[in-house]
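Student: Read off the chains here:
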Amino acid sequence: MEKVLDKKSFPQWVKKLSSYTVYAPLQEDEVWNYEVITNPEQVNLDLPNTVLSPKKIIFPQREVYLEFSASNEDGLEVKEVLPEEEPSVIFGVRPCDARALTLTDKVFGGDFEDIYYWKRRNQAALVGLACHTPPSPNCFCLSVDGSPFSQEGLDVLMSDLGSKYFVEAFSKKGEELINAAKTLFKPATEKDKKELEKNRAEAKKKISRQIQNIKKIPLKLKGMFDSPFWDEESMSCLRCGICTYLCPTCHCFDINDEVLSSSPLKGKRIRTWDNCQFPDFTMHSSGHNPRQDKASRLRQRIMHKFQYFVERYKNYQCIGCGRCISRCPVGIDIIEVLDKVSSYEG
Amino acid sequence: MNAQKIKWLEKSPVKSENFVYHLVRAIHLAGRCIDCGECERVCPLDIPIRFLNKKLEKDAKELFDYEAGFDPEQPSLVSSFKDKDPEDFIR
Numbered sequence: 007m008e009k010v011l012d013k014k015s016f017p018q019w020v021k022k023l024s025s026y027t028v029y030a031p032l033q034e035d036e037v038w039n040y041e042v043i044t045n046p047e048q049v050n051l052d053l054p055n056t057v058l059s060p061k062k063i064i065f066p067q068r069e070v071y072l073e074f075s076a077s078n079e080d081g082l083e084v085k086e087v088l089p090e091e092e093p094s095v096i097f098g099v100r101p102c103d104a105r106a107l108t109l110t111d112k113v114f115g116g117d118f119e120d121i122y123y124w125k126r127r128n129q130a131a132l133v134g135l136a137c138h139t140p141p142s143p144n145c146f147c148l149s150v151d152g153s154p155f156s157q158e159g160l161d162v163l164m165s166d167l168g169s170k171y172f173v174e175a176f177s178k179k180g181e182e183l184i185n186a187a188k189t190l191f192k193p194a195t196e197k198d199k200k201e202l203e204k205n206r207a208e209a210k211k212k213i214s215r216q217i218q219n220i221k222k223i224p225l226k227l228k229g230m231f232d233s234p235f236w237d238e239e240s241m242s243c244l245r246c247g248i249c250t251y252l253c254p255t256c257h258c259f260d261i262n263d264e265v266l267s268s269s270p271l272k273g274k275r276i277r278t279w280d281n282c283q284f285p286d287f288t289m290h291s292s293g294h295n296p297r298q299d300k301a302s303r304l305r306q307r308i309m310h311k312f313q314y315f316v317e318r319y320k321n322y323q324c325i326g327c328g329r330c331i332s333r334c335p336v337g338i339d340i341i342e343v344l345d346k347v348s349s350y351e352g
Numbered sequence: 003m004n005a006q007k008i009k010w011l012e013k014s015p016v017k018s019e020n021f022v023y024h025l026v027r028a029i030h031l032a033g034r035c036i037d038c039g040e041c042e043r044v045c046p047l048d049i050p051i052r053f054l055n056k057k058l059e060k061d062a063k064e065l066f067d068y069e070a071g072f073d074p075e076q077p078s079l080v081s082s083f084k085d086k087d088p089e090d091f092i093r
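In order, the protein sequence lines correspond to chains A and B. Start counting the first sequence at 7; every next residue gets the next number (our numbering). Start counting the second sequence at 3; every next residue gets the next number (our numbering).
Hint data in this document are derived by calculation from the structure and do not stem from the laboratory. The reader is advised that the hints may include incorrect statements.
What the hints assert, rightly or not - In the SDA-like style, the derived pairs of lysine to any residue whose C-alpha atoms are separated by at most 25 Å in a straight line are:
| # | chain 1 | residue 1 | chain 2 | residue 2 |
| --- | --- | --- | --- | --- |
| 1 | B | Lys-13 | A | Gly-116 |
| 2 | A | Lys-272 | B | Glu-19 |
| 3 | B | Lys-13 | A | Lys-178 |
| 4 | A | Lys-178 | A | Ala-76 |
To be verified - Using C-beta positions, here's what the derived DEER-type ranges look like:
| # | chain 1 | residue 1 | chain 2 | residue 2 | range |
| --- | --- | --- | --- | --- | --- |
| 5 | A | Pro-270 | B | Val-22 | 21 to 31 Å |
| 6 | A | Val-87 | B | Val-22 | 23 to 33 Å |
| 7 | B | Lys-63 | A | Lys-228 | 16 to 26 Å |
Keep in mind it's a predicted model, so treat the numbers as computed, not measured. For glycine and all other residues, C-beta sits at the position ideal for the given N, C-alpha and C.
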C-alpha cells in the first residue's frame, strides 16, 4: 500500500487513532523521548534521534511479573501480572530502532517465548520515519545490514517529501492504521515515487561512518578472547553503563523480589533492565566474579554483539544508531574499537 | 561480607528508589563536590544532578566553613573536626 499524506493532515490522522495509546517522540528541554501523546498536535516528527529507543515501550525498564501474599492457610498465594490489554501505535520510529526489535524478537522468542515481551510487542504498531539525513553524526546503519529506509520490524514507513509524507504499509496492522483515516490519504503518484527514490539514493550517501571489513570481524574476535587488547581499550571506561542502557538491542534483565510487608508477607516479583558493564553483573552468590575487570566487560560487550550473536542468530547485535558513541563520557567508540580489531596483530 | 548484603534500595527505577539514590549520592558529596559539572554534561537524560550537590556545598560552607577543591592538603570534611564546629543539632 503506497500513499501520500499532506503534512498538515498528519495531526488529524493521529486524532483518528484515539482507540490506540499513541506514543511519539516528545521534547522536554533538550531531551527527546517516546511519551504517550494526549494531544495530536504535539506529534512532531522533526527531530534528531531520541535518547532511548522505543524498545522501552515493548520491554520496559521495570515490570511486575507476579504478586505474592501469604494466605491464611500455610500456603502462598501467587498471582501472575500480565501486561494490560492496550493496543498502541508508536510514531517516529527510526528504521534502525525498528530493526533492533527484530533482533530482540529472536532472544525473547524461539524455544521459550517471553509472554511479557510478546504481549506488548504484538499489540504495538510501529510507524517508521525514514532518515533522509542521518539523525546522528555517528550513524552507521549501513555497516550492520541496515538502511535509512529499512522496512524490517515496521508496520508503516513514513518518508518526508517536503510538504507531504510518502506512506507505505507492510502489514495488516499498518493497513488498518491508514484505513482508520482513509480520506486523508491519496494514492502515491509516479512523481512521488521518483522523488522518494532520489531522496533514498542521497540518504545512503550521507551516512559518513562505517565499520571496515565487518565481515571478517566475528572470526577475528574469536581468536582475541585472551588478548591484552581489551585492557588497553577499556582503560578509560567508567562503567557508567550508558552504552548498554541506551542500546536498542541490549536486553539483559534482572529479577528481584520486592517485599512490601513482611508480616503478613506481601510482595512483588519485578523485572528490571540490567547492565553487563556494571561490576556486579556476573557476581556469583559465592562471591566469585568471572568478569571482575573492565577489560573482560568491554570484551563481553563487543564479542556479544559481533561474535556470539552472529554465531547464534546470524545477525550483528548492533543496528548502527551510534548512541553509545555519542554518549560515552570518555569517548570509547565502538567503530574505532572494531577497526582496531580488524587490523590487530597479536 | 554481610554488610554487602544489606539492601539499601530496590532495583526498580521508581520515584521512591530514585529519590533515595540521589539523596544518598548527594550526601556522600558533602565536602567533596567541586561543581565541575561533568555529571550533568554526561547525563543523557539531562537530570539536574548539580541541584542537590550545590545544597551540600552550601551546607559545607555555611556550617563548617569548608570548601572542597582549593587546598590539596586540607583534610576531608567528614574525617576531621574543629572545636568551633556547630553542635546545635545535638540535643
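Student: Which earlier hints can't be squared with this structure?
Tutor: 1, 3, 4, 7
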